[in-house]
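Generate coordinates for the entire structure from the input sequences, incorporating the hints supplied.
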Amino acid sequence: MTSSAGNVLSELQIDAFKEIINIAFGDAAASLSEVIELHATLNVPEIKILHSKELREFINKAFGAGEDLHIVEQHYTSKFKGIAYLVFSRNSGKLFISLLEEYRDMPANMSINLLEKETLTEVGNIIIGACISKIAELLLDVVSYLPPRYIDGKYLYEDMPGNFFDGEGYAVILKTIFQFEKADITGFLFLLINMDSIGKIKEAADKFIAKYE
Amino acid sequence: MIKKILIVDDSIVARMGIKKFISSDASYEIREASDGLKGFEEFKRFSPDLTFLDLTMPVMSGIQMLEEMKKVDNDALAIVITADTQPKTIEKVKELGALTLLRKPPKKEDVLNALSKAKEIKESRVKK
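From first to last, the protein sequence lines stand for chains H and R. Read in order, the letters of the first sequence correspond to residues 10 to 222 in our numbering. Read in order, the letters of the second sequence correspond to residues 2 to 129 in our numbering.
Hints in this document: simulated from the structure, not taken from any laboratory. Just to be clear, a hint being listed does not mean it is correct.
To be verified - Subject to a maximum C-alpha distance of 25 Å in a straight line, what follows is the list of computed BS3-like cross-link-like pairs (lysine-lysine):
hint : chain 1 : residue 1 : chain 2 : residue 2
1    : R       : K123      : H       : K143
2    : R       : K109      : R       : K20
3    : H       : K211      : R       : K123
4    : R       : K108      : H       : K211
5    : R       : K123      : R       : K21
6    : R       : K108      : H       : K220
Unchecked claim - Beta-carbon label-pair distances, calculated as ranges:
hint : chain 1 : residue 1 : chain 2 : residue 2 : range
7    : R       : K45       : H       : K62       : 46 to 56 Å
8    : H       : D77       : R       : S125      : 54 to 64 Å
9    : R       : E68       : H       : S98       : 23 to 33 Å
10   : R       : V73       : H       : E55       : 41 to 51 Å
11   : R       : M2        : H       : T86       : 50 to 60 Å
12   : H       : T86       : R       : E121      : 19 to 29 Å
For every residue, glycine included, the Cβ atom is placed at its ideal position computed from N, Cα and C.
Here is the structure:
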């Protein structure tokens, strides 16, 4: 966590969010394994809380050198406004194509780039949708989505919608890394949540904790 | 008879939940660990009658811990509580001889049912 986040959430509230993302990503991996026979190794999630002023540096560092990356971005709104990013290494597109049945019989004239883009967008949609829906369920929230968008390579802070941070809010960044067994695909999922009012995130974490106290 | 219970999970909230659920059933001597390696060390020291363990943990995963536990005591009773419910994970957990796998976040009744099952197995072993 960054220094500015030291007093934002308690240790227990941070733990609650890590547990929520762990549960949500577990659900997402199970959903994906229903579509393709691929087992994902899950890792312990990380959580960072950044002041909006720190977000530019974070985003540019995370995605700015990303010429070798495939990124699927999806916006969602609920009690919180957020963006999910699913990031894959460059080799993943063709591997996913070979694993997704519905893409095996695609027209021969369809370019491989378009096919990769479509495949990764669908995989992104499955993982992000399952993950965000589970988070919303755990936080007793309702979520709506914009369609996912495929981004080939670099993504900079300037590429984010102008109104994502219009105040002095905080961004909660939930990150989990995963590897797909036997497929040499590594990726990570970032959930960026705009917290105009830090009170909302505290309240959400406390409600989750209360069930277990 | 189950008296000693070990709870291994890197999440404090998850450990709190399990403690809360099982404490409503009876009073147990409970110890906790926050990763697989610490859990395995505690398992050897404490010799619990039953271990609740998570799978996605730092340092040593729950799968590795379960493998190590079974090498020390093949009859060790373990209930896995995890968010990872992919088919291969479920298969591996069964293969390693865990009593059951519960999906996170667990329901109280599911935790207590699994605990009852563990008690039955323990008692049947004592009778033999």
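Hints, verified against the model:
1. R:K123 x H:K143: Judged against 25 Å, a Cα distance of about 36 Å means the pair is violated.
2. R:K109 x R:K20: holds, 10 Å
3. H:K211 x R:K123: violated, 42 Å
4. R:K108 x H:K211: holds, 24 Å
5. R:K123 x R:K21: Roughly 22 Å separates the two Cα atoms, so the pair holds.
6. R:K108 x H:K220: Distance ~10 Å between R:K108 and H:K220 Cα, so the pair holds.
7. R:K45 x H:K62: 46 to 56 Å: Given a distance of about 49 Å, which is inside 46 to 56 Å, the answer is holds.
8. H:D77 x R:S125: 54 to 64 Å: holds, 57 Å
9. R:E68 x H:S98: 23 to 33 Å: Holds: the Cβ-Cβ distance is about 29 Å, inside 23 to 33 Å.
10. R:V73 x H:E55: 41 to 51 Å: The hinted range 41 to 51 Å is violated for R:V73 and H:E55, with Cβ atoms some 32 Å apart.
11. R:M2 x H:T86: 50 to 60 Å: holds, 53 Å
12. H:T86 x R:E121: 19 to 29 Å: violated, 49 Å
In summary, the numbered hints that this structure violates are 1, 3, 10, 12.
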